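K.L.:
Sequence:
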Amino acid sequence: MKRLKFYATIPHPCPYLPDHSAVDVVSDPATSVDQKTLSDLFAMGFRRSGVFVYRPQCPGCQSCIAVRIPVEQFRPNRSQRRCLTRNQDLKQERHPPHYTDELFDLYCNYLKHRHENGGMDKPTPDSFKEFLCTPGIETEFILFRKARRLVAVAVTDCLSDGLSANYTFFSPTEPRRSLGTYAILTQIEEARRRKLDYVYLGYWIAESPKMRYKTRFHPLESYINETWRRLDQNCINIT
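Using the numbering used here, the letters of the sequence shown correspond one by one to residues 2 to 240.
Certain hints may be false.
As the list claims (entries may be wrong) - Keeping only pairs whose Cα atoms sit at most 27 Å apart, straight-line, the calculated BS3-like set for lysine-lysine is:
#, residue 1, residue 2
1, K113, K196
2, K130, K6
3, K215, K147
4, K92, K37
These aren't lab readings, by the way, just hints derived from the structure by calculation.
Just so it is clear, the structure is predicted and the values come from calculations on it, not from any experiment.
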């Protein structure tokens, strides 16, 4: 940690809140980050996107709240149990980060349907690799297949104390499966199998409908005022 340098970005449009600008604190992307250092940064509310490890530091705004699931205390609710049942026919594979046309096609279809005109809907093979295949980071691709057909991919960072749900993309043609939820449930079970404490979900923003799904996982901890605190089911800090 002592060798890392941090920089503040110039203000840029907030990707979550319309008419807001954002500023991030970013670790120097030219300096490699090992697993322990990355884990320490996540424990301080940071997040990773490609080579950038960052934390929002927006003047006058504290809407971005880092959240994580304490694995041992988590129990799926009725809706999540149904999700697990609906996806029992899927087979899982685990691979190091890599590029294939099959992965790229699924990624493009996902962005086209979920993030059209959002700045990510015109990907290239190079942008895929830069975003999801970052050298030096301990990352896994969890592939989900229905028979031989690829339907979802969970990009998972491996930390000292947990797993980070870095990014998930999936087929938009099977909404009943709730594949995004299923990917998180799978990562929780994998963290439990490895005897890891947490699954990190990135940032929750109360005002952003896109982030609402994160509050469906209980218990949930949030990083506020440099401390992790338990949230109740109404997303109010209780410890």
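K.L.:
Take the hints in turn and mark each one as holding or not.
P.N.:
Outcome of the hint check:
The hinted pair formed by K113 and K196 fails the criterion: a straight-line CA distance of about 37 Å is larger than 27 Å. Distance restraint check for K130 and K6: the Cα-Cα separation of roughly 25 Å lies within the 27 Å cut-off, and the hinted pair is therefore satisfied. The straight-line distance between the Cα atoms of K215 and K147 is roughly 25 Å, inside the 27 Å bound, and the hint therefore holds. Taking the CA atoms of K92 and K37, the gap is about 31 Å. The hint is violated against a cut of 27 Å.
Hint compliance for this structure: hints 1, 4 are not met, and every other hint is.
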